[in-house]
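So you can see what is in the structure, the chains are spelled out below.
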Amino acid sequence: MPLLDLILDLFLKLVLPAMMASAVGAALALLLLPARWQPLGLAWAVCLGVALGNTPLRQTLPFLPDDTGWPWLLPSLGVALLAGGVRYSLGLTAYTSLLVNIGVVLFAVRRLYAEEMLTFAWVLPFVILVCAATYVLERVATRKPSAIVPASWGAILAGGAAAVSILSHSGRFADAATLLSAALIGVALVALWRPLDASPLALATSLFVSALMLLGYDATSSFSEVPRASFLLVAGAPLFLLITELPRLRDLPPKWQAAIQCGLLALPISIAVALAVAYEGV
Amino acid sequence: MRLFRTVLILTAAVLLLNAGQARAASFPLSGENTKIEFTGKKKDGAHTGEFKKVSGTAKAEGTDPTTLAIDVTIDVDSMVTDDPKLTAHLKAPDFFDMKKHPTAKFVSSSVAKEKDGYVVKGKLTLLGKTNDVSFPADVTVTGDGLKLAAKFNIDRTAWGMTYGKGMVNDEVEMKITIATK
Numbered sequence: 001m002p003l004l005d006l007i008l009d010l011f012l013k014l015v016l017p018a019m020m021a022s023a024v025g026a027a028l029a030l031l032l033l034p035a036r037w038q039p040l041g042l043a044w045a046v047c048l049g050v051a052l053g054n055t056p057l058r059q060t061l062p063f064l065p066d067d068t069g070w071p072w073l074l075p076s077l078g079v080a081l082l083a084g085g086v087r088y089s090l091g092l093t094a095y096t097s098l099l100v101n102i103g104v105v106l107f108a109v110r111r112l113y114a115e116e117m118l119t120f121a122w123v124l125p126f127v128i129l130v131c132a133a134t135y136v137l138e139r140v141a142t143r144k145p146s147a148i149v150p151a152s153w154g155a156i157l158a159g160g161a162a163a164v165s166i167l168s169h170s171g172r173f174a175d176a177a178t179l180l181s182a183a184l185i186g187v188a189l190v191a192l193w194r195p196l197d198a199s200p201l202a203l204a205t206s207l208f209v210s211a212l213m214l215l216g217y218d219a220t221s222s223f224s225e226v227p228r229a230s231f232l233l234v235a236g237a238p239l240f241l242l243i244t245e246l247p248r249l250r251d252l253p254p255k256w257q258a259a260i261q262c263g264l265l266a267l268p269i270s271i272a273v274a275l276a277v278a279y280e281g282v
Numbered sequence: 001m002r003l004f005r006t007v008l009i010l011t012a013a014v015l016l017l018n019a020g021q022a023r024a025a026s027f028p029l030s031g032e033n034t035k036i037e038f039t040g041k042k043k044d045g046a047h048t049g050e051f052k053k054v055s056g057t058a059k060a061e062g063t064d065p066t067t068l069a070i071d072v073t074i075d076v077d078s079m080v081t082d083d084p085k086l087t088a089h090l091k092a093p094d095f096f097d098m099k100k101h102p103t104a105k106f107v108s109s110s111v112a113k114e115k116d117g118y119v120v121k122g123k124l125t126l127l128g129k130t131n132d133v134s135f136p137a138d139v140t141v142t143g144d145g146l147k148l149a150a151k152f153n154i155d156r157t158a159w160g161m162t163y164g165k166g167m168v169n170d171e172v173e174m175k176i177t178i179a180t181k
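Taken in sequence, the protein lines are chains W and E.
Residue 45 in this note's numbering sits at position 45 of the first sequence; the count goes up by one each step and never skips.
Residue 177 in this note's numbering sits at position 177 of the second sequence; the count goes up by one each step and never skips.
These are calculated hints, taken from the structure and not from any lab test.
Hints should not be assumed to be uniformly reliable.
Covered by chain E, according to a simulated footprint, are these stretches of chain W (three or more residues, beta-carbon under 8 Å) [claimed, not checked]: (1) 67-81; (2) 169-176; (3) 217-226.
With a straight-line Cα cutoff of 30 Å, these simulated DSS-like cross-link-like pairs (lysine-lysine) come out [claimed, not checked]: (4) LYS13(W) to LYS100(E); (5) LYS13(W) to LYS165(E); (6) LYS175(E) to LYS35(E); (7) LYS52(E) to LYS13(W); (8) LYS13(W) to LYS42(E).
Here are some of the chain E residues that sit facing chain W, going by a computed Cβ distance under 8 Å [as the list claims (entries may be wrong)]: (9) ALA88; (10) HIS89; (11) LYS91; (12) PRO93; (13) ASP94; (14) LYS99; (15) LYS100; (16) GLY117; (17) TYR163.
Using N, Cα and C, we set each Cβ at its ideal position, and we do this for glycine too.
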């Protein structure tokens, strides 16, 4: 199939339904729900977007997994979205929130990891990475609710995960990353109209992207030339946003802050994609 | 006379034993004598590939093809296609998910004589799922060799290989050639 047809097919069957569904869901959540339950509504909107984008037509990810490993990506995302929404709707303390995050990541690890990877050496760094990335994304999101936050997570972070996945020959994982990307951009469209705090989506975003990178590396490293650094740079990209905590940067005008956020996310992602292209070719 | 009878009986026994041994033949299968090729089609073309490494055995009684029993394991990593990028893509979780399922397996259950040749029935395990398959084949078993040629289609989605549905045809053409001598 010519490249243009492939892109059009992806857009019509996956991106558009995911984006529109999450946008409509997010708009309804903001219009109909009381402020307290809006985080949960937002999480539900992304769930809806991902679910509708993952139409049976493309068969990207199973809704009901019959095996461990990557078939659990979608349920893990659902659990992380639900946990993120509930955490913010109930206003849990930072300590309880951390415990919830760790619980969700451990649940995902138990389902996503192959038996031989269920070791301290594999699980601990993953839990630390996801929890740290979630913390940083939440800090950025709560500082200044805007459309740029979910848009950058979707277009740059999840988009980068899709690029590295496709370069390592996994169309399925690229589609999965595109699903999340489209759903987050759908939320960003609504945020253009009414600025919203995307924090409830941080755990799901960091968990899904990190899991995709880990599973992608594990599944393709024996035949793909894409280096481990590419996968690590994408999974760890949110940590670069820690730089925005510097006092001088925090005092910058919102537009500058938004540009710096996008640039800090784009830097590791660009290096990751460039490395993948250099080693694997297009 | 008794000695002659004993010799006769022993000779007969040895002959029978040898005859029995000649009837049950076992042929080791490898990439050298077994070719498993496939052709996948899509809207604007087709790609072919094959598995270079296979291992297993084929057993038959005498020269009767209906007694043939095949047990073959396919090394997914040995797959090659007409496009190296496609080879890598086929090994990914989209299709063969090689990391999780490094081998595929076929075990025959029966070979029946039909009007135009033979029909081989068996179980094919792919992506950890086992399904019944049957295909027509030309089979010849001689005392010291086996020849089998088959061409048939399988529906990849029956094994859960659903990625690319609508872009890549569900039906995959298989071509199997065994020539042990």
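Hint check against the structure, violated hint numbers in rising order:
Hints 7, 16 not satisfied by this model.
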